[in-house]
Amino acid sequence: MGIESISYIINTLYAIFSMTLIIFMVPGFAMLEAGIVRTKNVTSVLTINTLIYAVASLSFLLFGYSLAFGEFGSETMSKWAAFLFQMAFVGKVVNIMSGGVSERAKIIPLTLFTILMASILYPLVVNVTWGMNFLKGTILELSMYDLAGSTVIHSTGGWALLAAILIIGARKGRYTKEGGVRVFPASNIPLVTLGAFLLWIGWFGFNGGSVGSIASKENADLVALTIMNTNTAGLSGAIMVAIIMQIVYKKLDLTMILNGALGGLVAITAGPNLYDIYMPIFIGAFGGCLVVFGVSFFDKVKIDDPVGALSVHLLNGIWGTIAVGIFASNDKITLLGQLKGILLIGLFAFISSFIVLYIINKIMPLRAGNDEEMQGLDVEECGIEAYPEFKRAF
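For the sequence shown, full-length UniProt numbering assigns the number 1 to the initial residue and increments by one for each residue that follows.
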């Protein structure tokens with residue numbers, strides 16, 4: 001067996017292993033969201049997460065992949081492994097959105113949006129960044145560097161979420177007439193913790209697998225550095241938020257600390273292979289600061305995001321992409337090129353998502369009715385309560 005065949009096999013195995021780690025993010029999102037929402041909405045959250053994985057993956061198989069990359073093909077690994085790795089990404093865009101509209105968004109309209117996001121909208125973003133690039137040679141051609149999707153995945157999902165929240169509004173009773181914010185306590189903090197750490201583990205495949213090859217000494221070192229820097233950013237994000245929460249609020253809010261870790265992970269995703277072992281500490285820490293700022297800001301402007309996805313994914317997706325332009329020592333990467341990519345993809349993701357969601361909402365309302373929302377979506381949408389022994393009055 002030749003060296004090329006051995007490299008082909010090793011890269012195939014690594015792509016499948018990375019894909020498996022990324023799929024761990026499916027229960028990660030599901031557990032985090034199920035723990036954050038109130039008990040009366042847990043089953044509906046778990047159902048939409050299950051459907052997102054199934055529907056988005058199949059839509060990408062049938063339509064999205066060819067729009068993004070053209071025909072199935074790869075020279076360095078099995079073409080099926082290359083597909084599976086890319087397929088693992090697609091559902092995450094909608095997962096980012098689903099948590100932010102939980103407790104008032106209906107399952108079937110969100111599933112319809114998932115089909116269109118996985119078949120058309122997300123593949124178009126991938127096309128002009130990682131794929132065939134139909135903008136090549138035009139004034140709109142992008143030179144943005146984004147290894148694993150700070151902008152391509154996280155900000156795209158964040159912009160779609162912002163569009164959805166603007167259309168469906170806040171949960172009933174979230175904001176008082178006096179301008180206050182009513183806290184809805186999480187139903188299960190252990191589940192939130194489990195979900196966050198499943199996401200954290202999945203990120204090692206998310207970023208490490210995006211290097212593309214591990215079948216040489218140089219690539220193996222680069223993969224290891226990428227995963228190390230990914231973990232470091234998560235650590236510093238969590239620590240920074242813990243410090244801020246203790247100093248400012250005198251409370252170590254675990255949900256915020258976990259979101260700080262996730263914010264750091266999002267921020268490093270654009271270029272974990274480009275930094276030394278120290279820069280991710282700053283990038284992740286600043287990402288944690290953005291989470292604290294973002295959660296407060298979005299509540300002040302009455303944009304109701306139960307899981308803090310806008311702060312974690314949208315703001316840190318932008319920050320991580322900018323950070324590459326500032327700190328990466330690569331002559332081909334410029335801050336202007338990074339900003340151009342953020343702007344064009346942001347405009348496309350927000351406008352296209354808003355239009356699609358607006359049309360779906362006219363045909364089939366995205367938001368549950370008042371009685372359904374007060375009772376909880378589990379009964380009306382799923383017919384199964386996650387915690388039938390417990391009833392809450394809010």
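Bear in mind the hints are in silico, worked out from the structure with no lab data behind them.
Every residue gets a Cβ at the ideal spot worked out from N, C-alpha and C, and that includes glycine.
Mixed in with the good hints there might be a few duds.
[Stated by the list, open to error] Distance windows between CB atoms, simulated:
1. P388 / S66: 22 to 32 Å
2. S329 / Y175: 38 to 48 Å
3. G137 / V181: 44 to 54 Å
[Stated by the list, open to error] List of simulated lysine-lysine pairs, BS3-like, C-alpha gap at most 27 Å:
4. K332 / K217
5. K362 / K172
6. K136 / K300
7. K332 / K250
8. K172 / K300
9. K302 / K172
10. K251 / K217
11. K250 / K300
12. K136 / K79
13. K362 / K302
14. K79 / K251
15. K332 / K251
16. K136 / K302
17. K177 / K340
18. K300 / K177
Do the hints match the structure? See the list:
no.	hint	in the structure
1	P388 / S66: 22 to 32 Å	violated, 45 Å
2	S329 / Y175: 38 to 48 Å	holds, 46 Å
3	G137 / V181: 44 to 54 Å	holds, 49 Å
4	K332 / K217	holds, 24 Å
5	K362 / K172	holds, 21 Å
6	K136 / K300	violated, 41 Å
7	K332 / K250	violated, 45 Å
8	K172 / K300	holds, 16 Å
9	K302 / K172	holds, 12 Å
10	K251 / K217	violated, 46 Å
11	K250 / K300	holds, 21 Å
12	K136 / K79	holds, 24 Å
13	K362 / K302	holds, 23 Å
14	K79 / K251	violated, 50 Å
15	K332 / K251	violated, 44 Å
16	K136 / K302	violated, 40 Å
17	K177 / K340	violated, 40 Å
18	K300 / K177	holds, 13 Å
Checked against the numbered hints above, the structure breaks hints 1, 6, 7, 10, 14, 15, 16, 17 and satisfies the rest.
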